[in-house]
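Just so you know, the sequences run in chain order A and B. Quick note on my numbering: the first sequence kicks off at 1 and runs consecutively. Quick note on my numbering: the second sequence kicks off at 1001 and runs consecutively.
None of these hints come from the bench; they were simulated from the model. Computed from a prediction, not measured in an experiment: that's the story for all the values here. Every residue gets a Cβ at the ideal spot worked out from N, C-alpha and C, and that includes glycine. Do not take every clue at face value.
Residues from chain A that face chain B, not an exhaustive set, calculated with beta carbons under 10 Å [stated by the list, open to error]:
no., residue
1, Val18
2, Ile46
3, Tyr47
4, Ile50
5, Phe174
6, Asn206
7, Leu222
8, Ala225
9, Asp235
10, Ala241
11, Glu324
List of simulated lysine to any residue pairs, SDA-like, C-alpha gap at most 25 Å [said to hold, decoys possible]:
no., chain 1, residue 1, chain 2, residue 2
12, B, Lys1114, A, Gly172
13, B, Lys1114, A, Glu210
14, A, Lys23, A, Val205
15, A, Lys226, B, Asn1026
16, A, Lys451, A, Arg489
17, A, Lys3, A, Ser125
18, B, Lys1114, A, His95
19, A, Lys23, B, Phe1017
20, B, Lys1114, A, Leu256
21, B, Lys1096, B, His1050
22, B, Lys1114, A, Trp265
23, B, Lys1096, A, Thr152
24, B, Lys1051, B, Leu1094
25, A, Lys23, B, Glu1003
26, A, Lys226, B, Ile1007
27, B, Lys1096, A, Glu148
28, A, Lys2, A, Thr169
29, A, Lys23, A, Gly403
30, B, Lys1096, B, Leu1083
31, A, Lys2, A, Thr152
32, A, Lys451, A, Asn206
33, B, Lys1123, B, Ala1108
34, A, Lys451, A, His95
35, B, Lys1114, A, Thr169
36, A, Lys23, B, Lys1114
37, B, Lys1096, A, Lys451
38, B, Lys1114, A, Asn163
39, A, Lys226, B, Ala1013
Each chain, letter by letter, is given below.
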Amino acid sequence: MKKLLRAGFEHIEDGFDVLFGPKWNPFYQLGALGWFYYWIVIISGIYLYIFFDTGITEAYQSLDYLTYEQWYAGGIMRSLHRYASDALVIMMMIHLLREFAMDRFRSSRWFAWFTGVPMLWFVFSAGITGYWMVWDTLAQYIAIATTEWLDTLPLFGEAIARNFLSDTTLSGRFFTLMVFLHIALPLFLLFIMWIHIQRHASPRVNPPLELAAGTFIMLLVLSIAKPALSNAPADLATVPAVVGLDWFYMSIYPLLDYVPGLTVWILLVTATALLLLVPWLPPGQRNPVAVVNLDNCNGCSRCATDCPFSAITMEPRSDGSAYEHEAVVDASHCTSCGICAGACPTATPFRRRSDLSPGIELPDQPIKELREKTITASARLIGNDRVIVYGCQNSLNPEEMAGTGAGVVTMPCIGMLPPSFIDFVLSKKLADGVFLTGCRAGDCYFRLGIKWTDARIAGERDPRLRQRVGRERIGNFWAGLTRRKDFFRELAAFRMRLKNLASSQPEKQPPPAASENDREITHA
Amino acid sequence: MPELRYIVGQVIAFTLFAIGLGYFSNSPTYTHHDPEMALIKLSFSHASQHKEECRRLSPEEIAALAPNMRRPMDCPRERVPVLVEMTMDGNTLLRKSYAPTGLAHDGAASAYEKIPVTPGQHKLTVRLRDSNRDEGFDYEDGININLVPLQQFVIDFRNSSFQFY
Ligand code: HEM
Ligand code: SF4
Ligand code: SF4
């Protein structure tokens, strides 16, 4: 079912790639959009608070003042506040579903999932208290329905819904409480949002400028076209029979008219508990985490810089070697992506085979094996368009790729490929070209693998691919699961280019092969 | 320079998103109460009388108690349930007993009832029993009201008397 969900997401996102381009695709930026909406809510909220009067009639009047007299500022702020809050809910729900569909919550990644769940409660409670403060007929409905619902819990001696029996007995203390909650809940939310991304190196908390601008302009236009308004003032002597609910926040309320309140509580609490447990539901296999081999670690800290999950710290040397630092892996943060091995300067296939144990690697998928697989895969290639495809284990099926006659080598994440392997394949003439593939651009399963790979090949990030390597013999297509057809087309086109290269420069000598001991990058 | 088609794409997608946001932020409306009906709410929080009267302890009984617990009277804390009966134009709308709250059943009994009724001229009568008696009621009150649709009419019981709002 999850496969289906994932394919569904990828198909929709393919469509959005056409509309937005991968860089601006909102689906790749859901968390960042959430933060963006949050900040809009906070800033507009502060503005509203300046003019807001706490009180049974004053609250409504002060909002009316903002909406009508000050429509150009306060009115727009009020609308932004509402619509950004609604957008936050949409973003959050899609984000939740997507992280689930993409399986990004297992093993060490449980942390973000687990801390995401309480945010649901905070966001919804914050929204509901917000509507309560307006004290119009919708607020009246919300106040009565919520307190009646709370009263189904055996917590309060006297029914708290009794506070909203009639205007003559209504007291202002509930409004003071609402204002307090409406400020405290979002602040708590911010705190959890901060915790939520603690295990991410360079988390995406800001959407790309163009996407932020687009989404902000959308909210602004909507705010002007359809300003957020109050309903009629609350009147406890009249039943607010027909209410225009904000369905993003209040979808649960109609249910309360059909299902006993206590049952709904039990449902919600059970659902929350199940959600919290999701990371540990089967199949819960956990791959072995990265292991440091101190004999080969020079303390350059590249692995720590590239680890997407902040699982590596640089600690003082423990083995008496002359280097100052060594890499240390925190097993509880490591997701077994192998990106650290791709970053390690000692992970070069040019080293003698017996030597090929880098400073850091995944014990079940060592770099030595990557080299052997490369050599084996290349052995049966023929012609002048021989291609080694390096792919990741989260996207296209390697067997399908091998059907094209290319030599296929996969690893957990393309970021595990040390760039020196490309040099190795081309300079040793193991193949005529190297083709890289993996998740879709902008949406690497291990967050940063594609980004680092692109930067390493472009020579913008250590370890850099050597200048001498002919870039025309390197191709890539970030395919994910769904873009099979495009992948095969791109691969065929790439091989055609290789053929053309061969016929246009038949007499040209290949670049000199590097010697066996040539280390790609010397110690820092 | 952003590609033109991406800008056009954004405009289309965001327009649809905005329409969805704007629409579902207050529509479609939800009707949770028949607009043709009025509503009677009966609610109170009332501490009824104790189940048993206080009893003077005999000297022997007092002596049998621990020294710091000795007292002349024994007052069981458990309260009786509160029984309420409400009729409208002679028909029974509600007859229900409310148990005292608390583990020892010594707290106030709490009621919160919502009864939709047809609008119009009505004679409402409420009776409440909060004592040990087997028959009859301790309190009774009535009111003639003209209910309009959507009117919420509240009956409370405070300070030993019915309140109508
Ligand atoms: C206000 C609501 C939320 C905000 C603002 C938010 C924000 C974020 C951000 C910024 C990231 C980092 C993305 C990256 O840099 O790759 C993230 C990751 C994540 N979020 Fe949320 N989130 C929210 C709610 C939730 C909820 C409700 C869940 C699920 C229960 C959830 C599950 C996750 C998971 C599993 C990841 C980790 C993905 C990974 O390891 O690559 N989040 N979130
Ligand atoms: S495999 Fe390496 S890069 Fe990936 S999470 Fe573990 S330590 Fe970090
Ligand atoms: S990248 Fe390799 S050499 Fe550098 S600190 Fe990490 S393990 Fe050590």
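A quick look at each hint next to the structure:
1. Below 10 Å, beta-carbon pairs count as interface contacts, and valine 18/A has one with chain B at about 7 Å; its hint therefore holds.
2. The restraint placing isoleucine 46/A at the interface with chain B is violated, with a minimum CB-CB distance near 21 Å, outside the 10 Å limit.
3. Hint status for tyrosine 47/A: violated, given a least beta-carbon distance of 19 Å to chain B, over 10 Å.
4. A hinted interface residue such as isoleucine 50/A counts as satisfied when its beta carbon comes closer than 10 Å to some beta carbon of chain B; here the least separation is about 23 Å, so the hint is violated.
5. Because the smallest distance between the Cβ of phenylalanine 174/A and any Cβ of chain B comes to about 16 Å, over 10 Å, the interface hint for this residue is violated.
6. The interface hint given for asparagine 206/A is violated, since its Cβ lies 17 Å from the closest Cβ of chain B, which is over the 10 Å cut-off.
7. The restraint placing leucine 222/A at the interface with chain B holds, with a minimum CB-CB distance near 4 Å, inside the 10 Å limit.
8. The closest approach between the C-beta of alanine 225/A and any C-beta of chain B is roughly 7 Å, which is under the 10 Å cut-off, so the hint is satisfied.
9. With a cut of 10 Å, the hint placing aspartate 235/A at the interface with chain B holds, because the nearest CB-to-CB distance is about 9 Å.
10. Checking alanine 241/A against chain B: minimum C-beta separation of about 4 Å stays under 10 Å; hint holds.
11. Against a cut-off of 10 Å between C-beta atoms, the interface hint on glutamate 324/A is violated, since the closest Cβ of chain B lies about 45 Å away.
12. Taken as a hint, the lysine 1114/B and glycine 172/A pair is honoured in the structure, with Cα atoms around 24 Å apart against an allowance of 25 Å.
13. Under the criterion of a C-alpha separation no larger than 25 Å, the hint pairing lysine 1114/B with glutamate 210/A is inconsistent with the structure, at around 53 Å.
14. For the proposed pair lysine 23/A and valine 205/A, the alpha carbon gap of about 15 Å is at most 25 Å, so the pair holds.
15. Between lysine 226/A and asparagine 1026/B the alpha-carbon distance is near 11 Å, which keeps this suggested pair within the 25 Å criterion.
16. With a CA separation close to 23 Å, the supplied pair lysine 451/A and arginine 489/A stays within the 25 Å bound.
17. Annotation: proposed proximity of lysine 3/A to serine 125/A is violated, straight-line Cα distance about 33 Å (limit 25 Å).
18. Of the supplied pair hints, the one linking lysine 1114/B and histidine 95/A is violated, its CA atoms being roughly 40 Å apart against a limit of 25 Å.
19. With a CA separation close to 19 Å, the supplied pair lysine 23/A and phenylalanine 1017/B stays within the 25 Å bound.
20. A C-alpha spacing of about 14 Å is found between lysine 1114/B and leucine 256/A, which places the hinted pair at or below 25 Å, so the restraint holds.
21. Only pairs whose Cα atoms come within 25 Å are accepted, and lysine 1096/B paired with histidine 1050/B is accepted, the gap being roughly 19 Å.
22. A distance of roughly 21 Å separates the Cα atoms of lysine 1114/B and tryptophan 265/A; the hinted pair therefore holds under the 25 Å criterion.
23. Of the pairs offered as hints, the one joining lysine 1096/B and threonine 152/A holds, with about 18 Å between alpha carbons and a cut-off of 25 Å not exceeded.
24. Taking the CA atoms of lysine 1051/B and leucine 1094/B, the gap is about 24 Å. The hint holds against a cut of 25 Å.
25. Of the supplied pair hints, the one linking lysine 23/A and glutamate 1003/B holds, its CA atoms being roughly 12 Å apart against a limit of 25 Å.
26. A threshold of 25 Å between alpha carbons decides the hint, and for lysine 226/A with isoleucine 1007/B the separation of about 23 Å falls inside it, so the pair holds.
27. The suggested pairing of lysine 1096/B with glutamate 148/A holds, with an alpha-carbon distance near 19 Å, which does not exceed 25 Å.
28. Among the hinted pairs, lysine 2/A with threonine 169/A is inconsistent with the structure: their alpha-carbon atoms are about 53 Å apart, more than 25 Å.
29. A hinted pair counts as satisfied when its Cα atoms are at most 25 Å apart, and lysine 23/A with glycine 403/A does not qualify at roughly 31 Å.
30. Using a Cα cut-off of 25 Å, the hinted pair lysine 1096/B and leucine 1083/B holds, with the two alpha carbons roughly 6 Å apart.
31. At roughly 36 Å between alpha-carbon atoms, lysine 2/A and threonine 152/A are farther apart than 25 Å, so this suggested pair is violated.
32. Distance restraint check for lysine 451/A and asparagine 206/A: the Cα-Cα separation of roughly 17 Å lies within the 25 Å cut-off, and the hinted pair is therefore satisfied.
33. With a C-alpha separation of about 28 Å, the suggested pair lysine 1123/B and alanine 1108/B falls outside the 25 Å cut-off, and the hint is violated.
34. At roughly 21 Å between alpha-carbon atoms, lysine 451/A and histidine 95/A fall within 25 Å of each other, so this suggested pair holds.
35. Of the pairs offered as hints, the one joining lysine 1114/B and threonine 169/A holds, with about 18 Å between alpha carbons and a cut-off of 25 Å not exceeded.
36. A threshold of 25 Å between alpha carbons decides the hint, and for lysine 23/A with lysine 1114/B the separation of about 55 Å lies outside it, so the pair is violated.
37. Of the supplied pair hints, the one linking lysine 1096/B and lysine 451/A is violated, its CA atoms being roughly 69 Å apart against a limit of 25 Å.
38. The hinted pair formed by lysine 1114/B and asparagine 163/A meets the criterion: a straight-line CA distance of about 15 Å does not exceed 25 Å.
39. For a cut-off of 25 Å, the pair hint linking lysine 226/A to alanine 1013/B stands: about 18 Å separates their Cα positions.
Consistency note: the structure conflicts with the earlier hints numbered 2, 3, 4, 5, 6, 11, 13, 17, 18, 28, 29, 31, 33, 36, 37.
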